[in-house]
Amino acid sequence: MSIEVGFELPSKTFGVTRADLIKYAGASLDFNLIHWNERVAKAVGLPDVIAHGMLTMGRCLQIVTDWIDDPAKVVDYQVRFAAPVVVPDDGVGAKVEVSAKVVEVNAENIKIDIQARSEGAKVLGKAVVIVQL
Amino acid sequence: MAVNKDFVGRPIFFPDKFETYQVGREKIKEFARALGETDPIYFNSEHAKSLGYKDIVAPTTFLITMAMEAMNKILFDPEFNLDYSRIVHGEQGFTLRQPVVAGMDLALNAELESVVEKVGNEFLTFNVHFGEPDGVVGSLRSVLIARGES
Numbered sequence: 591m592s593i594e595v596g597f598e599l600p601s602k603t604f605g606v607t608r609a610d611l612i613k614y615a616g617a618s619l620d621f622n623l624i625h626w627n628e629r630v631a632k633a634v635g636l637p638d639v640i641a642h643g644m645l646t647m648g649r650c651l652q653i654v655t656d657w658i659d660d661p662a663k664v665v666d667y668q669v670r671f672a673a674p675v676v677v678p679d680d681g682v683g684a685k686v687e688v689s690a691k692v693v694e695v696n697a698e699n700i701k702i703d704i705q706a707r708s709e710g711a712k713v714l715g716k717a718v719v720i721v722q723l
Numbered sequence: 005m006a007v008n009k010d011f012v013g014r015p016i017f018f019p020d021k022f023e024t025y026q027v028g029r030e031k032i033k034e035f036a037r038a039l040g041e042t043d044p045i046y047f048n049s050e051h052a053k054s055l056g057y058k059d060i061v062a063p064t065t066f067l068i069t070m071a072m073e074a075m076n077k078i079l080f081d082p083e084f085n086l087d088y089s090r091i092v093h094g095e096q097g098f099t100l101r102q103p104v105v106a107g108m109d110l111a112l113n114a115e116l117e118s119v120v121e122k123v124g125n126e127f128l129t130f131n132v133h134f135g136e137p138d139g140v141v142g143s144l145r146s147v148l149i150a151r152g153e154s
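Those protein sequences? They're chains A and B, same order as listed.
For what it's worth, the numbering used here labels the leading residue of the first sequence as 591, then goes sequentially.
For what it's worth, the numbering used here labels the leading residue of the second sequence as 5, then goes sequentially.
Chain A extracted, bound-state conformation (with noise of 0.2 Å):
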C-alpha cells in the first residue's frame, strides 16, 4: 500500500443523542452531571448537556480505524478539545463532521490529522493520530 502526504480519508458523519451520553456514561464510568443533566448543564453556565469529550474523541478515531485493516495499529492519539459538541433533547440530537488528512509518512508509522465540527464549530483542535505500519 503506498500512502502519500495530503491523502485524505473518506469523510464521515456521526450523531450523538441523549441516550448515546446515556449509554456512554455508564459504559466509560464517567457520571458528570454535564453530561446528562441539563439543570446543571445550564447552572454551570453550559448552553445544554454537552456530549462526554471522550466519547467524541473515541467516535472520531473511526475515520481512521474505519480505514486501517487492524484497528489495534493505532498507537498514539492526541486530541485538545476545542469546543463542546452540545446535545440538545430534541429527538435528533448533535451532528458531527469528520475528515482526516495523512500528514507525515515515513518507515515505521504515518500520522494523520482529524477535524471535527459540529454545528460550524471546530470540536477537536490538534487531534493526531499515529498508525504503526
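Simulated from the structure, these hints should not be mistaken for lab results.
Any given hint might turn out to be false.
In silico DSS-like pairs for lysine-lysine, Cα to Cα no more than 30 Å straight-line [stated by the list, open to error]: (1) B:Lys77 <-> B:Lys31; (2) A:Lys663 <-> B:Lys122; (3) A:Lys663 <-> B:Lys33; (4) A:Lys632 <-> A:Lys701.
In silico negatives: residues of chain B with every beta carbon more than 12 Å from chain A [what the hints assert, rightly or not]: (5) Lys9; (6) Val120; (7) Glu126.
Remember, it's a predicted structure, so these values are computed and weren't measured experimentally.
The beta carbon of each residue, even a glycine, is placed where N, CA and C say it ideally should be.
Following the hints, put chain B in place on chain A, whose structure we already have.
Chain B in isolation, oriented as in the chain A frame:
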C-alpha cells in the same frame, strides 16, 4: 474556589496498593458498543486470535475507564475542594506500546502532575502509566479544566 495543591505529585493507588486492574472481556465489549464500534476485533475472541492477539482488543481510548476511576480518587476527595460539575475535558492523549487485550492485569502508576491557573480557570494535568509484570503497555495524559465561577 481553588483546589488543594497538596495533592500534586502524590501517588494514586488504583485499584489499590499492590493490586492490579484486570481488563475484562465484557467491559471491552460494553465500551466498544457505547462508541458504536462494529469491528469484530472488539467482540469476537476467535477473530482477534486469528489476527495474532491473545483475546479481543480494546478500543484505543479504553484506558480512560480505569484512569478515570484513578483520577476520581482525587477529584472526589472532599479535601481536594472541587465542584465536579465545573470540570470539562481540555486535552487527552494516549500512547500505546502494545494493544490492550482482555485478560491483561494492569498495574497503574498515576499522579496529578500539576495544577495551573489561567484566566480564572484551573488546569489539572494527570499522568497515568500502565504496565504488566513483563513490560510497559502505555500511558495517557489528561488535562481537565475546572471552570471558574464567572
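Hints versus structure:
1. B:Lys77 <-> B:Lys31: With a Cα-Cα distance of about 21 Å, the restraint between Lys77 of chain B and Lys31 of chain B holds, given a limit of 30 Å.
2. A:Lys663 <-> B:Lys122: violated (36 Å)
3. A:Lys663 <-> B:Lys33: Holds. Lys663 of chain A to Lys33 of chain B sits at ~19 Å (cutoff 30 Å).
4. A:Lys632 <-> A:Lys701: Since the Cα atoms of Lys632 of chain A and Lys701 of chain A sit roughly 38 Å apart, the hinted pair is violated (cutoff 30 Å).
5. Lys9: holds (22 Å)
6. Val120: Its Cβ never comes within 12 Å of chain A, the nearest being 15 Å, so this holds.
7. Glu126: holds (14 Å)
Hints 2, 4 from the earlier list are contradicted by this structure; the remaining hints agree with it.
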